[in-house]
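Visitor: Given next are the chains, with one letter for each unit.
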Amino acid sequence: MKSKFSQFFFILCCNLLLWFLLTGTLHSDELVAGALVSSIVAFLTLERTSIFSAINISFQTPFALLLYLFEFYKTLVIANFDMARRVITPSLPINPNIITVKTTLKSDLGKMLLANSITLTPGTLSVDVDGDDILVHWVDCPPDCDTQMATQLIAASFEKHIRGFLN
Amino acid sequence: MNTLGYVVMLVGATFCFLGGLGILRMPDVYNRIQAGTKAVTLGSIAVLLGVGILKPDWWPKLVVLGGFIQLTSPVGSSAIARALLRAGVKPWQKQSNGESGS
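Read top to bottom, the protein sequences are chains A and B.
According to my numbering, the first sequence is numbered sequentially starting from 1.
According to my numbering, the second sequence is numbered sequentially starting from 1001.
Chain A extracted, bound-state conformation:
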């Protein structure tokens, strides 16, 4: 998604979808008003939304996005049961540490999505993003864990999924 026009169109569609979900009707009046407001918003924010230019729009994009969301919710549920188990166990089985994870995603949007996903996966919380490094607080860090191992365990599967629709 390189050109200004496709970016404008993308933001317009997102705004329209949001408008449609919030109003909940398909009345022509509502749709016309929504289209008007959406175009104004998309026009005004065009300069500041270049972050979305990292998205690759192609035939496979929706499938990759769905696959990513499926993986995301699966790990979110696992994370909750994991955390519940730790909280209920009387001895509180945690061994926290802060480690570094390397990412190969280039775009800011990709890094943000990866950091968000890491925060909601079992026992990990992304603390800071600095270039290619993501600082991660890990509740149950295995002993003698290094960057490479942590990257494999925490980031690898999400990175693969995000790469499906982003740079």
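Fair warning: there could be bad hints in the mix.
To be verified - Cross-link-like lysine-lysine pairs, in silico, DSS-like; alpha carbons within 25 Å at most: (1) K1090/B to K102/A; (2) K160/A to K106/A; (3) K74/A to K1061/B.
Unchecked claim - To give an idea of the interface, some chain A residues facing chain B are shown, with a C-beta separation under 8 Å as derived from the structure: (4) L21; (5) V77; (6) I78; (7) N80; (8) V87; (9) I94; (10) V127.
Stated by the list, open to error - Residues from chain A that keep clear of chain B, each with C-beta distances beyond 12 Å, as calculated: (11) C13; (12) S53; (13) N56; (14) Q60; (15) N97; (16) V129; (17) D132; (18) Q148; (19) S157; (20) G164.
Because the hints were derived from the structure by calculation, they are not lab data.
Quantities reported herein were computed from a predicted structural model and do not represent experimental measurements.
All C-beta atoms in this analysis are idealised placements derived from N, C-alpha and C, irrespective of residue type, glycine included.
Take the given structure of chain A and dock chain B to it, following the hints.
Guide: Chain B only, in chain A's frame:
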């Protein structure tokens, strides 16, 4: 159908409760953020799902609410954790038992 909605809401409330318990039990601020973020994200989404089953007309708005919670909650907790790290709060380690960094 109503029963199913209430059960899903109860599950969500249970997760929120466990998140609160985690905030009380965890030894330092980073672990508390962890317990809070995950449990409350899934808990609120489950509550919204339960409401959606009870009131099927509200689906579109509930989807928007769930999406915003899911996007903003990890960003918020990451921002808090980052500010804490910059302010020099050390994470609690198992070796230094009982000595919290905060």
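Visitor: Take the hints in turn and mark each one as holding or not.
Guide: Taking the hints in turn, this is what the structure says about them:
Using a Cα cut-off of 25 Å, the hinted pair K1090/B and K102/A holds, with the two alpha carbons roughly 22 Å apart. With a CA separation close to 13 Å, the supplied pair K160/A and K106/A stays within the 25 Å bound. Restraint check for K74/A and K1061/B: the C-alpha separation of about 23 Å stays at or below 25 Å, so the hint holds. Satisfaction of the interface hint for L21/A is found here, the shortest Cβ-Cβ separation to chain B being roughly 4 Å, below the 8 Å cut-off.
Restraint check, V77/A versus chain B: the minimum CB separation of about 7 Å is within 8 Å; hint holds. This hint is violated: I78/A has a C-beta 10 Å from the nearest C-beta of chain B, more than the 8 Å allowed. Interface restraint check for N80/A: the shortest CB-CB distance to chain B comes to about 5 Å, inside 8 Å, so the restraint holds. Of the supplied interface hints, the one on V87/A holds, with its beta-carbon coming within about 4 Å of a beta-carbon of chain B, less than 8 Å.
The beta carbon of I94/A is positioned within 8 Å of a beta carbon in chain B (closest approach about 6 Å), and the interface hint is therefore held. A distance limit of 8 Å between C-beta atoms decides the matter here; for V127/A the minimum to chain B is near 5 Å, and the interface restraint holds. Every C-beta of chain B lies more than 12 Å from that of C13/A, the closest at about 15 Å, which supports listing it as non-interface. Its beta-carbon lying about 19 Å from the closest one in chain B, S53/A satisfies the requirement of being farther than 12 Å from that chain.
Taking the minimum C-beta to C-beta distance to chain B, about 20 Å, the non-interface status of N56/A holds against the 12 Å cut. Under the 12 Å C-beta cut-off, the non-interface status given to Q60/A relative to chain B holds; the minimum distance is some 22 Å. The claim that N97/A is not at the interface with chain B is violated, since a C-beta of that chain comes within 12 Å of its own (minimum 7 Å). Residue placement check: V129/A does not keep its beta carbon more than 12 Å from all beta carbons of chain B (closest about 8 Å).
Separation of D132/A from chain B is adequate, the least Cβ-Cβ distance of about 17 Å exceeding the 12 Å criterion. The non-interface label for Q148/A is consistent with chain B: the shortest C-beta to C-beta separation is roughly 21 Å, beyond 12 Å. Listed as outside the interface, S157/A is consistent with that label: its C-beta sits roughly 17 Å from the nearest C-beta of chain B, beyond the 12 Å cut-off. For G164/A, the requirement that its beta carbon stay farther than 12 Å from each beta carbon of chain B is met, with the minimum near 19 Å.
Checked against the numbered hints above, the structure breaks hints 6, 15 and 16 and satisfies the rest.
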